[in-house]
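**Student:** Chains as they are written, first to last, in my numbering: chain G, 1260 to 1551; chain U, 223 to 483.
Hints listed in this document are in silico derivations from the structure and should not be mistaken for laboratory results.
Quick caveat: nothing in here was measured; it's all calculated off a predicted structure.
Incorrect hints may appear among the rest.
Part of the chain U face toward chain G, derived, beta carbon under 8 Å [unchecked claim]:
no.	residue
1	S298
2	L301
3	E303
4	G308
5	P429
6	I430
7	G431
Okay, the calculated beta carbon distance ranges per label pair [said to hold, decoys possible]:
no.	chain 1	residue 1	chain 2	residue 2	range
8	U	A240	G	R1444	20 to 30 Å
9	U	S280	G	L1534	39 to 49 Å
10	U	A240	G	L1522	41 to 51 Å
11	G	R1444	U	G252	43 to 53 Å
12	G	L1372	U	R368	45 to 55 Å
13	U	P302	G	R1444	42 to 52 Å
14	U	N476	G	A1376	49 to 59 Å
Glycine included, every Cβ here is placed at the ideal spot set by N, Cα and C.
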Amino acid sequence: MGFIRYLVLRASLANKNVWFWGVFFSLFWIILAAYIFTRGGGNIQYGVTDAARQYMADWLTFASVYMPTGLMVGYLYMLVYSTGAIPYFIRFGRLKPLKYLASYYIAMVAVTLILAAIIIAMAIPIMWSGFNYNGVHVSVGSLLPTSAVDALGFVGVIALNAVFMSALMFLVFLLALRLPKHITRIAFIPMYLFFIFYFLYMFGSIPKAAIPLVPLVGLLGLMVSTYTGYNGVPTELAINYNIHGYFIAPSTVPAWQVVAGTLTWIIVLTALSVLIISNIKYEPPESIRGEA
Amino acid sequence: MIELSNVKVSVGDRSAGAFTVHVDKMEVKGKAVLLGPNGSGKTTLLRAMAGLIPYEGSIRINSVEVSEARGMTEVSSNLPEIYQIGYSVSGLLEILEDLKGVDRDEFMEIMRRLNLNVKEILRRPVFALSAGQSALVRLALALSSRPKVMLIDEPFENVDPARGSVVISMLLEYGEEGIIVTHELDVLRAFKALNAYLMLEGRLYGPIGVGELLESGIVEGEAQGALLTVRVGERTYSIVKGGGVKFGELGSLNRLYGLLG
Chain G
1260 MGFIRYLVLR ASLANKNVWF WGVFFSLFWI ILAAYIFTRG GGNIQYGVTD AARQYMADWL
1320 TFASVYMPTG LMVGYLYMLV YSTGAIPYFI RFGRLKPLKY LASYYIAMVA VTLILAAIII
1380 AMAIPIMWSG FNYNGVHVSV GSLLPTSAVD ALGFVGVIAL NAVFMSALMF LVFLLALRLP
1440 KHITRIAFIP MYLFFIFYFL YMFGSIPKAA IPLVPLVGLL GLMVSTYTGY NGVPTELAIN
1500 YNIHGYFIAP STVPAWQVVA GTLTWIIVLT ALSVLIISNI KYEPPESIRG EA
Chain U
223 MIELSNVKVS VGDRSAGAFT VHVDKMEVKG KAVLLGPNGS GKTTLLRAMA GLIPYEGSIR
283 INSVEVSEAR GMTEVSSNLP EIYQIGYSVS GLLEILEDLK GVDRDEFMEI MRRLNLNVKE
343 ILRRPVFALS AGQSALVRLA LALSSRPKVM LIDEPFENVD PARGSVVISM LLEYGEEGII
403 VTHELDVLRA FKALNAYLML EGRLYGPIGV GELLESGIVE GEAQGALLTV RVGERTYSIV
463 KGGGVKFGEL GSLNRLYGLL G
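Just need the whole structure built from these sequences, with the hints factored in.
**Tutor:** Quick look at the structure:
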């Protein structure tokens, strides 16, 4: 527990970068979403409650998925300084490769849920105020999940996403240790992937078959569907309405497919990471500096 | 027991000229001292023994091959690379309690014996410790899991003489077996009862009794009845009783190459 406690309290909650990039940066986008991007939202005449809830879900999803990518970059720099400690504690301590990974996963879930709770608590009044400011008159209730079960599901998907992002980024970073001079660039690849898939999903339509296979998309959709109470994962995040002002709900993919796809990815990524960690050798942290 | 046979440890890029440490045979029962000038390969060998870097041949601790060892908490080292896992000393202690079985009370007691301000040091980031404090904190962390086998690297470097004597007594008191790496010859008198190995330019020589070594000198060529014959550069030197450059008077082995050159 000591290592997990260290990761949660000292490496995360006591780290001002985590608060800045995890909470304040997310809230900055939510403020933009509330006051700027909702302009013209008054055109929705019918189904405004559904549209508002989905809009809220879209942005909370953005914050909840983006946050672990930033958090993990911080954690992963610890890895650069731990290449001496890992083989030593595996051989002459109580560390097991799976325990090591699981510690990061658990810490990531704990920190993500804490920060997400703070963001959600602040985002609801901000978004409500933004909607009403731009003439979209909605109640606070219409911005909340449809039921307690949906709210719990949303929390569960945030946790699942935190584990998936940890598994993906850990493996990417372990591979990057073999190219130490490029670590800084490589560390941000999952974050770039997240932005690419998020905006593809937000402003385009993802093929149904790809949603369960690509957790970077599927989890975004699953978060929205649990928050909004959709029966399935939507194929697009954009709020569409027809010329008569009716909100058009997107087509969906069964949620279990996304969960199963994500779990499969987590198992595969974790197995590969465990293999690499078992054979890790000391790499001087100075090697990431390289030469021009 | 620590046993090495036909060990080869290479570090650095081939393009930049890899450095290789060779050990034909080494058997340590109880504790031994590994001596050598800076850059001779002592720490590289210790890193391989601590499982940090790969090696060829065989390194066995209590009959377990290091590369296959798992969960042997009775082995402990103070190598700095291990202690970069945490940011502050208190964080490091928290991690080591979990991953190494370090006893917090034992750590506090060792710090008190070393006359270090624990409260202040615990708050500090590991990188902000002075070189001497860092050496002592790492030693305290390594010993506070009460190991049976110790792999101790340069415990006297940047440590003042008063604390140095506390370190000596702790190294004799803790653990049943182990290797103490140093280039400081001044402290050797406290380890007279132990065996010493000499590492020169990546090659291991020995064993030789510490007491015997302190009373010996080094002369060029292959002398008859030499305790050890070593090679430095292209030349051969012999360690002989009496005569030559006395080890006991060198102070630090870092002066050896200068004197031989």
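**Student:** Look at each hint and say if it fits the structure.
**Tutor:** Here is how each hint holds up against the structure:
Using the Cβ-Cβ criterion of 8 Å, the hint placing U/S298 at the interface with chain G is satisfied: the shortest such distance is roughly 7 Å. Given hint, U/L301 at the interface with chain G, holds; its Cβ is 7 Å from that chain's nearest Cβ, closer than 8 Å. The restraint placing U/E303 at the interface with chain G holds, with a minimum CB-CB distance near 3 Å, inside the 8 Å limit. With a least beta-carbon distance of about 7 Å to chain G, the hint placing U/G308 at the interface is held under the 8 Å criterion.
Using the Cβ-Cβ criterion of 8 Å, the hint placing U/P429 at the interface with chain G is not satisfied: the shortest such distance is roughly 24 Å. At a threshold of 8 Å, the smallest CB-CB gap from U/I430 to chain G is about 28 Å, leaving the interface hint violated. Against a cut-off of 8 Å between C-beta atoms, the interface hint on U/G431 is violated, since the closest Cβ of chain G lies about 29 Å away. Distance hint check: the CB atoms of U/A240 and G/R1444 are about 27 Å apart, consistent with the given range 20 to 30 Å.
A beta carbon spacing of about 24 Å between U/S280 and G/L1534 contradicts the range 39 to 49 Å that was offered as a hint. The beta-carbon spacing between U/A240 and G/L1522, approximately 44 Å, falls within the hinted interval of 41 to 51 Å. Under the hint 43 to 53 Å, the C-beta atoms of G/R1444 and U/G252, about 50 Å apart, fit the expected range. Against the hinted window of 45 to 55 Å, the Cβ-Cβ separation of G/L1372 and U/R368 comes to about 38 Å, which falls outside the hint.
In this structure the hint that U/P302 and G/R1444 lie 42 to 52 Å apart at CB is violated, the actual value being about 28 Å. For U/N476 and G/A1376, the hinted distance range of 49 to 59 Å is satisfied, since their beta carbons lie about 58 Å from each other.
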